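Protein chains: 4
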Amino acid sequence: MCGVFGIFGHPEAANITYLGLHALQHRGQESAGIVTADGEQLLLHRGMGHVIDVFTPDQLAKLAGHASIGHVRYSTAGGSFVKNAQPIAVDYARGSMAFAHNGNLTNAEALRERLEARGSIFQTGTDTEVIVHLVAISTQRAVEDRVADALGYVKGAYSLVCLTDKVLIAVRDPHAIRPLCLGRMLDASHAHVVSSEPGSFDLIGAEFVRDLEPGEMLIIDERGMRAIHPFPHVPRSSCIFEYVYFARPDSHIDGISVYLARKNVGRALAKEHGIAADVVIPVPDSGVAATIGYAEAAGIPFEMGLVRSHYVGRTFIEPQQTIRHFGVKLKLNPVNAVLRGRRVVIVDDSIVRGTTSRKIVKMVRDAGAKEVHLRIASPPTAWPCYYGIDTPTRRELIASSHTTDEINQYITSDSVGYLSLSSLINAVIETQNTHANRASGGGSAARDPLDTGSFCHACWSGEYPVAFSHPPRQRQMRLLDT
Amino acid sequence: MCGVFGIFGHPEAANITYLGLHALQHRGQESAGIVTADGEQLLLHRGMGHVIDVFTPDQLAKLAGHASIGHVRYSTAGGSFVKNAQPIAVDYARGSMAFAHNGNLTNAEALRERLEARGSIFQTGTDTEVIVHLVAISTQRAVEDRVADALGYVKGAYSLVCLTDKVLIAVRDPHAIRPLCLGRMLDASHAHVVSSEPGSFDLIGAEFVRDLEPGEMLIIDERGMRAIHPFPHVPRSSCIFEYVYFARPDSHIDGISVYLARKNVGRALAKEHGIAADVVIPVPDSGVAATIGYAEAAGIPFEMGLVRSHYVGRTFIEPQQTIRHFGVKLKLNPVNAVLRGRRVVIVDDSIVRGTTSRKIVKMVRDAGAKEVHLRIASPPTAWPCYYGIDTPTRRELIASSHTTDEINQYITSDSVGYLSLSSLINAVIETQNTHANRASGGGSAARDPLDTGSFCHACWSGEYPVAFSHPPRQRQMRLLDT
Amino acid sequence: MCGVFGIFGHPEAANITYLGLHALQHRGQESAGIVTADGEQLLLHRGMGHVIDVFTPDQLAKLAGHASIGHVRYSTAGGSFVKNAQPIAVDYARGSMAFAHNGNLTNAEALRERLEARGSIFQTGTDTEVIVHLVAISTQRAVEDRVADALGYVKGAYSLVCLTDKVLIAVRDPHAIRPLCLGRMLDASHAHVVSSEPGSFDLIGAEFVRDLEPGEMLIIDERGMRAIHPFPHVPRSSCIFEYVYFARPDSHIDGISVYLARKNVGRALAKEHGIAADVVIPVPDSGVAATIGYAEAAGIPFEMGLVRSHYVGRTFIEPQQTIRHFGVKLKLNPVNAVLRGRRVVIVDDSIVRGTTSRKIVKMVRDAGAKEVHLRIASPPTAWPCYYGIDTPTRRELIASSHTTDEINQYITSDSVGYLSLSSLINAVIETQNTHANRASGGGSAARDPLDTGSFCHACWSGEYPVAFSHPPRQRQMRLLDT
Amino acid sequence: MCGVFGIFGHPEAANITYLGLHALQHRGQESAGIVTADGEQLLLHRGMGHVIDVFTPDQLAKLAGHASIGHVRYSTAGGSFVKNAQPIAVDYARGSMAFAHNGNLTNAEALRERLEARGSIFQTGTDTEVIVHLVAISTQRAVEDRVADALGYVKGAYSLVCLTDKVLIAVRDPHAIRPLCLGRMLDASHAHVVSSEPGSFDLIGAEFVRDLEPGEMLIIDERGMRAIHPFPHVPRSSCIFEYVYFARPDSHIDGISVYLARKNVGRALAKEHGIAADVVIPVPDSGVAATIGYAEAAGIPFEMGLVRSHYVGRTFIEPQQTIRHFGVKLKLNPVNAVLRGRRVVIVDDSIVRGTTSRKIVKMVRDAGAKEVHLRIASPPTAWPCYYGIDTPTRRELIASSHTTDEINQYITSDSVGYLSLSSLINAVIETQNTHANRASGGGSAARDPLDTGSFCHACWSGEYPVAFSHPPRQRQMRLLDT
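Chains as they are written, first to last, in the numbering used here: chain A, 10 to 491; chain B, 10 to 491; chain C, 10 to 491; chain D, 10 to 491.
The following block holds chain A by itself, in its conformation from the complex (with noise of 0.2 Å):
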């Protein structure tokens, strides 16, 4: 997962840039970087890390012009090099341009092979090179034809910003897999910003505006901006995972509230397994809302049960010594007081390879519970996202293999209980319509109301909504940037 920005028209774009990228850090701490456009050319600046170490005052300063995007970027599990690290900018026959990515390719490696066949080198292992060297040996004159162009080869999810020294160009993918909204500054500039999440507006001074529609372009230079639709229609099939864990609470997708969704699905979560206990705690904190909605659906009593420490780093010294759930202690702790002798209820958003949930499942039991039953706000998560979430393999995801009460004897909780599929679904969909939703200004800002067909769900259903022949073969590169 990553998270795009632009903005076209500001004064300080690389610092709007850089604000903007802070507030998208939850959606990638791996790598972060900006491109700014002067008008003459392009500025370049990534490096690996948070953005608050990528990028000095010193650093932003150099980065001048009144046109930026910016892109960070999520950790993955088999390393990170500094290569890979975007926005990727290059020189080409028609001067410079700079693209950011969110998402990712179905058919990537197919694409690269041709290219290859035709003499194209690769610099990095990103499916954006793909894109790049598409546009450059595009036939079309205006770059917007040119990415259109180069678009219309390519499969799967994107989210894209794509800046030269005129324009800044948005697209997002037909299918809008993943999130991407256009929004303006509140200041004099009246500046558009492109943004993964409408979150991220407040910090920077910006309202939102829309999302962006399946398949739509967005094309801002100096004379304004003017929307495309460049691409043949295939039905929306939207994130619904964005929903249950990845966007921040205090964004809508898609005209829905995060936060309400969530709380609607803890709703639903407490109705199709309820169990009597004493308390509902989250695991923070992308739990917290979904909490907040079972324990009013269940009238039992929310407690902050488990304390997360906001100084977890990246280097770690481990004790040679045993302690037990060494890992998770550094990120949670139970509070004792709302758990011992307590009928437990523990609202997770998602259950992935199994061992951070039996850990957890062990202190709560160790702080005290009498009993611990493990509630998640999704289905079973059995099926390996090809669309930009870094999920594991099939074989080590434990709901692919393992039944419910396989994985409840695993976890050591008393009980575990999946949300089902269509209750996600009816869920999230019946949030749109509720007042609180409207009224935050979610309803009215969707042109096109989410229906239950909208969704992509395959992680839960296998039912890929991009079609390929065959799970897409993880690229074994041959070059690595240590």
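Read the hints as simulated data drawn from the structure, not as lab findings. Here the structure is a predicted model, which is why all the values come from computation and not from measurement. Any given hint could be a false lead.
Since copy identity is lost for identical chains, a pair holds within one copy or between any two.
Pairs of lysine to aspartate or glutamate, EDC-like flavour, derived with a Cα cap of 16 Å [said to hold, decoys possible]:
(1) Lys280 to Asp230
(2) Lys338 to Glu216
(3) Lys340 to Asp294
(4) Lys175 to Asp62
(5) Lys371 to Asp399
(6) Lys371 to Asp357
(7) Lys164 to Asp67
(8) Lys164 to Glu439
Dock chains B, C and D against chain A, hints included.
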């Protein structure tokens, strides 16, 4: 505010201390330090910044030995200097010794002047160095007797750990102002540990044994542990603000669960300052438990109406363009979906200068709240703390010169309600006898139940338990280590 | 100017390359990089700064493999960017390949435009990337044939090393402008090494084998080494400035000892521009050997009248108060005791802008010298180098617009004497037949003795051996990596 | 060995001190520190590493004030600790004061024990802290009287600078063992400066005034400068090794040019140990001047047969494969062209353990030298220095247990010749009356010409000028700052 930690008799003393400091990080992020004793000498490392930045694995590996003490230091208003990092370690007539100290002496300046008149030199600006000099000039022979002798001269708050090559000493001042507790490793070492808070014991794999009593000194060496009470008895005056704000919610301090105390305080607040409202929201994270209590008592829904960023860093680029509430937005962002059109109660632990509260109220109102009521889980903070909490001067404390009405007007809230001192004290005291508190081991750990006279509440009442003729002059440091 | 290094068939390929780059550090301090081949993939690390700062032991340990190439890059005037660090490594149709390059192409811009027109994208500003593209689009099959094919299109100076997972290729351009030589490890590996200079062989424990011939390509793989000459024959034009300034004094370049050549040049200078004086002093360190030669020929005592600081660093605080000759004094300081009251000859290798020479002359005069005569071990530098030495533009070269008399006046010396081009060439050529040069293995290593027509001396004569219709336009970079 | 610097009455005191330390960097690269006085308080910054790494422009800007002292510290064999960085700055009864110190006390341990017995604590392992304690407990009133009082107790070598908010004090010990000189800024400030060596004055724009006399104390404040001689007269014993090795060649020490002294010593060496040879080469850089003198006296050509690398760094990766003479080759490399087939004389300043000399001899022989003769510009180093030079213990000094023949055998040279002590002393003394020395201002600056009894030569003769009953025990540090 600071945190101290100590362990004796463990093969990985430095690693355990590192983890202990990590778990006490909320008590101080300015600097961190560890001293170990390897049987022949003391080994020291300290530096500015978070525990994780001060200690590399290589650095930790150099800190050999079976005993260790550590310290984290809070960022003070005026500036931070490496020379003030603790522990302080010195050579003296009988070998080497190191000290780490949480609290503030009220007669440090006077003692310092007397020591200087005697010819002593001071290389830091800490109270700790005063204690070290007094230990060095003591005519007692055993180090524990020297420490007791030295502490006989000092007045004020201290929770102190001291390490020599043979012994670990832990002392809590006779008023028991700052917390300090004893634990025991659950591994084969069964090593004794001391820590500012028991919330640090889970991470290191230790169990809580008990709080130190007022004026108690623990002497831990190869033969085991013994406790003495070398000081005359004085009334207990434990800092009640630890429960309201400073301590971890998963800690018990002197037999009372911080989390439960906060909830109970929130309940009292609802009773004392109830108001018709649609939602009650905390200022995360310190206000969460009080808000849950408030919501329960008031029967108003609890919501996470403010999202806290986990990526706030040190140096930040502020855009030149004015962005409303910029400083607070880096840390907090409103969730419009639960605020728009609602009557909102915000629960916070305290108001210091009022500027942050004002920004939060405006932010919530900008998010569409119809009414914004601020409820404070403590009385008006009108007096500075001279016992170790870094409060601004009286002049800067808004409550020292403004009525609640004036504060309400400044903060632009619809109403402000402070909890009365008696209600606060009662809420905390009542907690210790609740079933949940007793069940979680709280009550039983306290040999000496707290009553209404057990607390220091000088920051609200101006009644300073450790007398001084006039407010202690803040020494104008003559020497600054930049 | 840059330095390249390569090794094939050594268990510690990265370590040896690291040491080789260290010994070539005088050829470039801006950036450094190493690529290794571990049989399956290429591993890359590069960064800004000195070899010692770019590579930590951990970083080096990651660079596994039995073959390696490396590069050090010279600090250019206009700014330095991480994206231009070498080697460049890419994935392409037939796997991965990496290139490191010393020299400058004269048709890079034209080739780049043709490649861009074809759809190629450029992520760096280096000539090397042009070569990589040409290799990638070659229709040849074997990598050595692809490289030869690609180099058939380029014009200019290059000493190139290329690494794939199977083969190390080293090529010297047909004019043999930049040096490149072959060596062999003296340890059990007997691995082949290539390096910009043989002065790097002592440190790594290798022996010099021979210089690469003009247009020669070495192909080194598991089966051994073979040499081919894939390009048409053109006259040799080796850079004579390598002898005067750039190369290490302990190197032999094309059969001539740099140290002996410099001494001989100094002797010629004494003959051509002898003057009555009391002492002759070098501008250390590059001028020392020429000064020894001058002193011997002139019968004037040699003294180290200028002391060079070894602690000159990157960013320096300049006081606001004017200090005479401040910039030069950071690097050089006069020894009054050998200058006061004396007639002094200063020997330097060249005059570029004249500002430094002016400061040195004034500094020596301030130290009490009665007369100050400047003797330059080369002709007036009046033309920029387009083959890899970072000279200023013609306009900035003082000799392009001023006579020697005018220069003497500007520099405030009592006299200035430049060595004539014919004397310089003769002095270098004569060196190869001296006993000392032959005895030290110099002459015998050269298959093809150099004669007066063997050199490029364009910076003095304006006779550019590789033709271009007009001075190559310095590409206005459109993309800057800050 | 260390370097000290001080300035009083300059608007850029910290910047000038920074440059002064830069010019004294050859006297210490382990740590650096500066203290300034801004009229109200002392400001301190110090750190490990080179001057250039310890001070950023931001850091320097914080060091406000018109007076400043600074210190560079030599890397000692056993390890280096930040706590030992100087200056030391303290608060004491009469305000703040800071000290920086070059030299070693012979009764520091005894004084420390007495101070500890009195109750003093020690936070560093430096002799300087002993002096600071003595100043603090002095019953004198004025700081200069306190310093004089304190120094009355100490024995050994010191060149000391001391700063308070009102006065800069500089003292040279009664034996004048270490150098210390006075200068004056040439700018409008005409500020007084003191420095370990006058070679630092050119860079800062100051002129040399005179050396401090034995036992002289300079007191510099707003009213100007006055000199006192508070100590009883003792015979002068200035370290003669400063001329041979330690000082900058562009310095005059006590009226004698270091460069000229070295040349004269080289001449004496040629006379005493002349041998038939083809070339004479220095071990750069310290041996160059002596080699020039040797070459002149012997009539043998001087050559730079060893090239010194300027890029030697701190941590270096050593290959596992054995490379002959690896350690030395990082620093030095032979120039085969001047060594092959020749009879070579190598001139070095001294032999310590013999291991480096052995490697150099082998390296020169490997380069093809027919004969290798080592000539040492000083007598056999057989005794450790207790006055501030970091020599190994006697046991490690090869000359303490081996005859010259045995050393010759170990080093594998064809002959070894050490200069006799009387010749060395005579060569240095004769220098002061040479025309060149007088002309360069040397002789005139010395009020008190040096004679054969003026020197400390304990490292060769074992005659220690400051008596102690037994070699001072190296204190086993009990406290280590890692």
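Hint numbers not upheld by this structure, sorted from lowest to highest: 1, 4, 5, 7 and 8
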